[in-house]
Amino acid sequence: MSLRTNSLFFSYTPKNKDKIYAIRDINIDIPLDKTTAIVGKTGSGKSTLIQTFNALLLPTEGSVEVANFVVTNNRRKNKANKDLRKYIGIVFQFPEYQLFEETVLTDVKFGPKNFGDSDEVATKKAKVALSMLGIDESYYERSPFELSGGERRKVALAGILAIDPDIIIFDEPTAGLDNKSVDELLDIFTNLRKIGKTIIVVTHDMNLVYDFCENVVVLENGQVVYQGSPKSLFSCNSQLFSLNLPNIVKIIYEISKYNSNISNSNIKTLEEAIQFIKEVKK
Amino acid sequence: MNNITFGRYTTENTVVHKLDPRNKIVLMILLMITIFLPFQVWSTTLILTGLVLAFLIVVMFLSKVNFLDLFRSIKGMWFLILFLMVIYFFIPDKSYTLPIPGTPFYYDAFYRCGYIVLRLIMLLSITTILTTTTKPMDLTYGLEFYMSPLKVIHFPSHEIAMTLSIALRFIPTLLDETNRIIKAQSSRGVDFEHGGIFKKFKAIISLIIPLFVSAIERSEELSNAMEVRGYNPKSKRSRYRMLKFHWCDLFAFLIVGAIFGGILTLSIYDQNIIQINIIYAIFGKMPLF
Ligand SMILES: Nc1ncnc2c1ncn2[C@@H]1O[C@H](COP(=O)(O)OP(=O)(O)OP(=O)(O)O)[C@@H](O)[C@H]1O
Ligand SMILES: [Mg+2]
Numbered sequence: 115m116s117l118r119t120n121s122l123f124f125s126y127t128p129k130n131k132d133k134i135y136a137i138r139d140i141n142i143d144i145p146l147d148k149t150t151a152i153v154g155k156t157g158s159g160k161s162t163l164i165q166t167f168n169a170l171l172l173p174t175e176g177s178v179e180v181a182n183f184v185v186t187n188n189r190r191k192n193k194a195n196k197d198l199r200k201y202i203g204i205v206f207q208f209p210e211y212q213l214f215e216e217t218v219l220t221d222v223k224f225g226p227k228n229f230g231d232s233d234e235v236a237t238k239k240a241k242v243a244l245s246m247l248g249i250d251e252s253y254y255e256r257s258p259f260e261l262s263g264g265e266r267r268k269v270a271l272a273g274i275l276a277i278d279p280d281i282i283i284f285d286e287p288t289a290g291l292d293n294k295s296v297d298e299l300l301d302i303f304t305n306l307r308k309i310g311k312t313i314i315v316v317t318h319d320m321n322l323v324y325d326f327c328e329n330v331v332v333l334e335n336g337q338v339v340y341q342g343s344p345k346s347l348f349s350c351n352s353q354l355f356s357l358n359l360p361n362i363v364k365i366i367y368e369i370s371k372y373n374s375n376i377s378n379s380n381i382k383t384l385e386e387a388i389q390f391i392k393e394v395k396k
Numbered sequence: 120m121n122n123i124t125f126g127r128y129t130t131e132n133t134v135v136h137k138l139d140p141r142n143k144i145v146l147m148i149l150l151m152i153t154i155f156l157p158f159q160v161w162s163t164t165l166i167l168t169g170l171v172l173a174f175l176i177v178v179m180f181l182s183k184v185n186f187l188d189l190f191r192s193i194k195g196m197w198f199l200i201l202f203l204m205v206i207y208f209f210i211p212d213k214s215y216t217l218p219i220p221g222t223p224f225y226y227d228a229f230y231r232c233g234y235i236v237l238r239l240i241m242l243l244s245i246t247t248i249l250t251t252t253t254k255p256m257d258l259t260y261g262l263e264f265y266m267s268p269l270k271v272i273h274f275p276s277h278e279i280a281m282t283l284s285i286a287l288r289f290i291p292t293l294l295d296e297t298n299r300i301i302k303a304q305s306s307r308g309v310d311f312e313h314g315g316i317f318k319k320f321k322a323i324i325s326l327i328i329p330l331f332v333s334a335i336e337r338s339e340e341l342s343n344a345m346e347v348r349g350y351n352p353k354s355k356r357s358r359y360r361m362l363k364f365h366w367c368d369l370f371a372f373l374i375v376g377a378i379f380g381g382i383l384t385l386s387i388y389d390q391n392i393i394q395i396n397i398i399y400a401i402f403g404k405m406p407l408f
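Quick mapping for you: the protein sequence lines, in order, are chains F and P.
Throughout, my numbering is defined as the position within the first sequence, counted from one, plus 114.
Throughout, my numbering is defined as the position within the second sequence, counted from one, plus 119.
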């Protein structure tokens with residue numbers, strides 16, 4: 115099972131003569147049993163790409179194929195959009211701006227009900243999603259607008275999780291979060307993976323990519339310049355793509371200066387690096 | 120949502136761009152009044168409207184207005200046109216037009232509807248000319264200038280001008296925001312295109328509330344940012360760019376003034392002069408008029 119794109123092009127101004135493509139000739143194959151990161155400089159087309167995945171943007175040329183869904187330029191063929199959006203959920207950057215209901219619970223219920231769940235089922239799903247994010251019952255009847263920014267973001271996240279999509283895409287989820295919140299988010303990701311959800315995450319955080327993702331797609335100027343495992347991305351010269359190096363890779367690099375036996379093939383995780391340093395100290 | 124091009128300033132260097140915004144505001148108002156001056160006879164109206172339309176087209180060419188954009192905004196009026204047609208078909212003014220043979224309807228519907236549409240198009244053209252050739256900031260300076268005498272009676276003219284310019288500045292931002300929220304809610308299964316009245320209503324609510332919330336939050340941020348940087352509406356302000364009155368301003372004023380004055384005079388002493396002398400001479404006595 116995978117999500118595939120076939121020579122996917124997208125332009126925000128398709129009617130112009132000299133149209134500029136935000137993404138060009140994308141052919142990627144995202145395996146659904148792995149966690150995938152999409153990285154690249156600002157303006158490289160990451161957000162545009164993920165929005166074609168659930169037909170929020172229709173490709174100018176080419177197509178996206180996932181499960182039985184095909185997203186193409188043809189509006190009429192995309193009748194199953196609603197089912198597709200139930201299958202793939204997108205959590206946008208600053209999702210807290212999508213809240214609008216009077217209480218936290220009704221807002222989280224909004225999604226499932228749109229996709230045809232009865233009030234009872236929706237309530238159940240909402241409560242599961244909220245508890246997954248550590249929001250307890252005392253919040254249910256409060257107005258989302260009187261919560262703190264972080265809490266609001268969690269409620270908005272619950273609003274997508276409650277829909278129970280098979281694939282969940284996060285657009286820069288760690289932007290503006292403190293370390294503790296990032297850790298909490300990673301726990302949520304881990305839980306989601308455990309219950310069989312596919313996670314695709316757009317991010318600038320290379321540590322997140324290195325520690326958490328098994329597959330990475332690098333975009334540059336709307337084109338894919340790398341697709342594969344993060345380990346091999348960072349072991350080859352990743353500065354090629356003007357990406358930051360993950361801290362662990364920097365550490366290994368420094369260590370390898372002093373010990374020629376060491377190369378990044380020996381040490382892959384932070385734990386291994388700590389272990390190694392302890393041994394050297396002995 | 121994205122085709123709202125109406126009102127986008129273009130960086131050209133035409134004569135019309137160079138005119139003083141204060142002058143342009145006055146000229147715009149004069150032309151708008153001209154368009155809506157009433158006449159008793161159709162032919163007079165048509166001739167004079169044609170005259171103003173021709174003038175506007177010339178000015179539009181001069182100021183390099185994007186005609187495509189204008190057509191696009193005009194296209195958006197089809198519903199209004201249809202609506203007017205229906206209304207006028209059922210309440211015709213029978214005093215001067217003939218019935219359409221074989222039907223209970225009168226030709227009148229076409230005239231009145233056409234005329235109203237024409238006037239709307241002209242109105243749209245005038246505002247388009249103004250906004251494509253004048254920076255929003257300059258426009259608000261112009262407005263502030265006309266409101267400044269009211270300061271004597273403690274009318275907050277500067278504050279109003281400032282508010283206006285900020286509002287103008289935020290229109291594109293709000294459109295972006297609208298787009299973003301539409302996408303976010305679509306991901307939650309909202310269908311903005313299909314569905315019955317209740318569904319549509321709910322869809323709109325799910326758009327409007329977040330939009331208001333973010334607009335209010337944004338405005339609070341902005342006002343804080345302004346205060347932090349020492350903005351004080353009461354203090355006397357100097358300006359980076361002073362507005363100047365050029366010779367071409369006087370010239371433009373004379374032309375528009377002549378058109379306005381001429382048509383106003385004709386409107387007051389509406390003697391059917393044009394109808395009798397010109398129309399009949401050209402077309403003969405037509406049943407339409
Ligand atoms: N609504 C829009 N209208 C027109 N052009 C757009 C729009 N949104 C994005 N673009 C353009 O498309 C290109 C890709 O934008 P996109 O938002 O996909 O980048 P991104 O990789 O997500 O960047 P970031 O990391 O800053 O979020 C950019 O050049 C941008 O200017
Ligand atoms: Mg983005």
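In short, the hints are calculated from the structure, not lab data.
Errors might be hidden in some of the hints.
What the hints assert, rightly or not - Distance condition first, Cα-Cα at most 27 Å in a straight line; then the derived DSSO-like pairs of lysine-lysine:
id: 1; chain 1: F; residue 1: K131; chain 2: P; residue 2: K194
id: 2; chain 1: P; residue 1: K183; chain 2: F; residue 2: K131
id: 3; chain 1: F; residue 1: K238; chain 2: P; residue 2: K302
id: 4; chain 1: F; residue 1: K196; chain 2: P; residue 2: K183
id: 5; chain 1: P; residue 1: K270; chain 2: F; residue 2: K133
id: 6; chain 1: P; residue 1: K318; chain 2: F; residue 2: K133
id: 7; chain 1: P; residue 1: K270; chain 2: P; residue 2: K254
id: 8; chain 1: F; residue 1: K241; chain 2: P; residue 2: K302
What the hints assert, rightly or not - Have a look at the derived ranges for each label pair, beta carbon to beta carbon:
id: 9; chain 1: F; residue 1: S245; chain 2: P; residue 2: F331; range: 45 to 51 Å
id: 10; chain 1: F; residue 1: K308; chain 2: P; residue 2: F317; range: 53 to 59 Å
id: 11; chain 1: F; residue 1: L300; chain 2: P; residue 2: S338; range: 20 to 26 Å
id: 12; chain 1: F; residue 1: Q337; chain 2: P; residue 2: F331; range: 49 to 55 Å
id: 13; chain 1: P; residue 1: T282; chain 2: F; residue 2: E298; range: 39 to 45 Å
id: 14; chain 1: F; residue 1: L306; chain 2: P; residue 2: G349; range: 45 to 51 Å
id: 15; chain 1: F; residue 1: N188; chain 2: P; residue 2: N343; range: 44 to 50 Å
id: 16; chain 1: P; residue 1: R191; chain 2: F; residue 2: R118; range: 34 to 40 Å
Ideal placement from N, C-alpha and C gives every residue a C-beta, glycine not left out.
**Request:** Against the structure, test the hints numbered earlier, and report the numbers of the ones violated in rising order.
**Result:** Failing hints, ascending: 4, 5, 6, 9, 10, 11 and 12.
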